[in-house]
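Student: So the sequences go chain by chain: A and B.
Under our numbering, the first sequence has 92 at position 88, and the numbering climbs by one with no breaks.
Under our numbering, the second sequence has 103 at position 99, and the numbering climbs by one with no breaks.
In case anyone wonders, no lab produced these hints; they're calculated from the structure.
Computed from a predicted model, the values in this text were never measured in an experiment.
Misleading hints may appear alongside valid ones.
Copies of the same chain are indistinguishable here, so a pair counts whether it falls within one copy or spans any two.
[Claimed, not checked] Straight-line alpha carbon distances no greater than 16 angstroms define the calculated EDC-like cross-link-like pairs of lysine to aspartate or glutamate that follow: (1) Lys285 with Asp318; (2) Lys168 with Glu45; (3) Lys69 with Glu58; (4) Lys296 with Asp328; (5) Lys338 with Glu18; (6) Lys338 with Glu199.
Number of protein chains: 2
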Amino acid sequence: MRQEILEMGRKAREAAHQMGMANSDRKREALEKMASALDQERLSIAAANRKDVEAAERKELGKAKIDRLTISEKVLEEMIDGLKEVSLLPDPVGEITRMWTRPNGLQVGRMRIPLGVIGIVYESRPNVTVDAAALCIKAGNAVLLRGGSEAFHSNDCLAGILRKALKEVGLPEDAIQFVQTTDRQAVLDLLGLEEYVDVMIPRGGEDLIRFVAEHARMPVLKHYKGVCHVYVDSDADMQMALNICLNAKAQRPGVCNAMETLLVHEAIAPVFLPKMAEVFKTAGVELRGCEKTMALIPGCKAAVEDDWYAEYLDLILAVRVVPDMGEAIRHITKYSSQHTEAIVTANFERAHRFVREVQSSLVLVNASTRFNDGFQLGLGAEIGISTSRLHAFGPMGVEELTTTKFIAFGNGQLRS
Amino acid sequence: MRQEILEMGRKAREAAHQMGMANSDRKREALEKMASALDQERLSIAAANRKDVEAAERKELGKAKIDRLTISEKVLEEMIDGLKEVSLLPDPVGEITRMWTRPNGLQVGRMRIPLGVIGIVYESRPNVTVDAAALCIKAGNAVLLRGGSEAFHSNDCLAGILRKALKEVGLPEDAIQFVQTTDRQAVLDLLGLEEYVDVMIPRGGEDLIRFVAEHARMPVLKHYKGVCHVYVDSDADMQMALNICLNAKAQRPGVCNAMETLLVHEAIAPVFLPKMAEVFKTAGVELRGCEKTMALIPGCKAAVEDDWYAEYLDLILAVRVVPDMGEAIRHITKYSSQHTEAIVTANFERAHRFVREVQSSLVLVNASTRFNDGFQLGLGAEIGISTSRLHAFGPMGVEELTTTKFIAFGNGQLRS
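Just need the whole structure built from these sequences, with the hints factored in.
Tutor: See below:
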């Protein structure tokens with residue numbers, strides 16, 4: 005364990021203790037100050053970002069990676085707006101979620117408190133530095149940030165600006181710390197800080213997430229991938245089903261809440277699938293179908309077993325015709341990543357059963373899978389989506405960055 | 005990975021899926037059937053238990069261990085009553101904890117669902133087999149049980165009776181599985197079943213818990229120890245403080261919610277401590293004090309640094325006089341295990357501040373630390389106490405054996 009990482013952990017624990025007692029006004033003030041500081045420091049942010057972008061260009065990292073790395077005017081505005089939005093969210097800390105009275109007169113309740121110290125290990129987008137730090141601060145936590153080496157100068161510059169804002173309003177600057185070395189050993193050291201870090205949240209590709217889950221000594225909140233399904237029931241409204249499937253697949257195919265497999269009831273398939281194939285053809289979606297699908301859509305490729313497990317993140321879709329909803333649910337139970345599944349139906353009983361029996365982080369009736377996102381569901385902003393069930397299942401907002409302690413008010417109660 | 009343990013995991017996952025859809029009546033029926041089956045099988049339980057007790061006697065395991073191992077009539081009655089109690093608890097599964105409507109008309113809510121498969125690794129008391137299985141079943145989970153080798157025959161017999169009851173009401177018997185080998189490798193195999201076990205709960209001594217936390221590949225809900233504090237404020241009611249301190253220390257000293265360190269405000273110490281010392285002397289409590297304490301209590305031993313960290317689980321108490329409440333909170337923040345802390349005071353402002361600033365799983369005002377227990381706090385029954393903050397902090401009842409998924413009801417909403 006390197007001494008400097010250990011020291012960061014110690015400072016974070018101390019800062020977390022102070023942050024946990026900070027009142028809502030102070031935290032809101034800090035977030036507003038961060039927003040105005042990013043606005044004022046446009047030049048230094050641009051200069052730091054240029055170093056990263058130039059290095060990426062020299063290394064020929066490719067256009068997509070360089071795009072993600074670049075802090076354009078628009079990206080900066082989004083960071084500033086994000087800070088303002090988070091500043092306006094209600095403070096979850098101190099909320100007493102329930103309170104009841106025991107037969108002996110003891111009043112017992114649960115009070116929301118911060119989780120403590122949160123570690124974030126992430127890849128290229130520098131906006132994560134700002135977005136993640138904002139949510140952690142709002143919920144009264146301290147955060148240790150470890151960004152990708154390609155964005156080192158940008159992240160370091162952004163973290164420095166945020167730290168200064170904390171200090172200016174009288175909060176501990178060490179509530180936001182950025183790991184200043186880019187080697188992989190520093191990540192391993194961070195993942196070993198079980199005494200000082202309460203939870204680790206990886207943000208990035210599946211490889212990064214698996215690496216963090218493998219090596220972390222503290223709990224990890226994560227999702228590996230989103231193999232999301234839409235089931236079009238025999239009683240679906242045809243136009244609604246066409247709209248939802250197009251939106252779920254093609255509105256933004258490269259994200260985890262996009263549809264990857266379409267399941268269609270055999271009674272509606274002969275009418276629905278040819279129409280759907282037309283729509284998908286126009287949208288440039290490649291289909292890979294089961295035998296019945298291939299019989300209904302001329303020229304459709306055959307799906308193999310691997311297609312049912314695939315997260316394409318692209319304009320490709322696996323399609324299967326099922327004899328009934330029971331088989332659709334069995335397919336989902338076997339192949340889904342428990343991220344997001346939707347049913348399109350006008351039938352109350354089947355909608356009711358689908359919601360009860362499908363155990364994914366979001367189950368929708370008659371709406372697009374693309375809604376599995378903290379902002380879209382009304383959580384305000386999200387720090388990620390969890391597909392493991394412990395602590396958080398689904399999008400994680402400020403509330404998921406807290407826990408509850410029990411409190412009890414008595415007048416001398418003793419245990420007998 | 006041994007094949008039979010892997011197979012248990014597979015069966016548990018399948019059983020968990022069915023349990024998650026079981027309705028409340030069926031689960032209640034199963035628990036009632038388990039209670040009557042234990043009643044009817046008294047002879048076979050006694051015979052199995054005799055094997056374990058006789059083996060323990062041959063190995064000369066000591067009276068305390070043999071007592072814990074023995075299923076007396078009283079212990080059996082408690083197991084039966086426990087099953088009946090759990091059967092009557094409200095079913096947490098399916099509860100919609102909140103529901104709201106988005107501006108686009110999408111109704112979004114959170115619905116309580118089971119965690120899935122729960123692993124329990126525990127030591128000698130065979131009642132854990134029954135108590136833990138009951139709570140897991142109530143919350144719609146499957147459970148994998150691994151008890152201590154000394155109680156093998158008792159646990160195996162009890163688990164067999166519970167499985168039969170599940171089958172008789174039409175629920176999958178594999179929702180309760182008992183690991184039938186006693187070697188340590190089986191525990192390691194179980195702790196490696198990350199694909200099939202959603203959470204592991206160790207029950208036993210600190211060594212067992214550390215072993216599980218070290219080797220488990222899935223999340224672990226645990227507490228290592230309880231170094232619980234009572235702070236007697238300058239404005240404490242003298243008699244209430246005496247009663248609470250005696251109850252917290254001596255009512256049952258061998259448990260995790262017993263007081264281990266007493267902090268006393270210096271303004272009240274000269275009157276309070278000599279009286280308290282009298283009471284503790286009568287109760288047979290040995291005191292280890294700071295210098296100021298020693299000056300007020302003739303014959304009091306000196307506390308050394310290790311005493312402030314100690315979980316005595318015995319009639320021993322560390323005592324420190326503090327200049328103010330701030331110092332009491334700093335002491336707690338440094339030495340406490342975040343289990344349970346109490347303040348005794350008549351002062352509203354200090355009670356309010358203590359509750360806000362002390363971040364332990366239960367913070368009490370004017371009541372004994374001994375109340376940190378699921379049954380005492382009104383949760384019905386508990387599967388353990390968590391002192392790590394993720395998912396659960398404090399006693400864990402049936403609700404803590406569940407999670408929530410998001411649900412959404414729409415009429416064709418698309419993401420734009």
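Student: It remains to establish, for every hint, whether it holds in the given structure.
Tutor: Consistency of the hints with the structure:
| no. | hint | in the structure |
| --- | --- | --- |
| 1 | Lys285 with Asp318 | within (14 angstroms within a copy, 75 angstroms between copies) |
| 2 | Lys168 with Glu45 | within (12 angstroms within a copy, 70 angstroms between copies) |
| 3 | Lys69 with Glu58 | within (12 angstroms within a copy, 69 angstroms between copies) |
| 4 | Lys296 with Asp328 | within (14 angstroms within a copy, 78 angstroms between copies) |
| 5 | Lys338 with Glu18 | between (45 angstroms within a copy, 11 angstroms between copies) |
| 6 | Lys338 with Glu199 | between (37 angstroms within a copy, 13 angstroms between copies) |
Going through the hint list in order, the structure satisfies each hint without exception.
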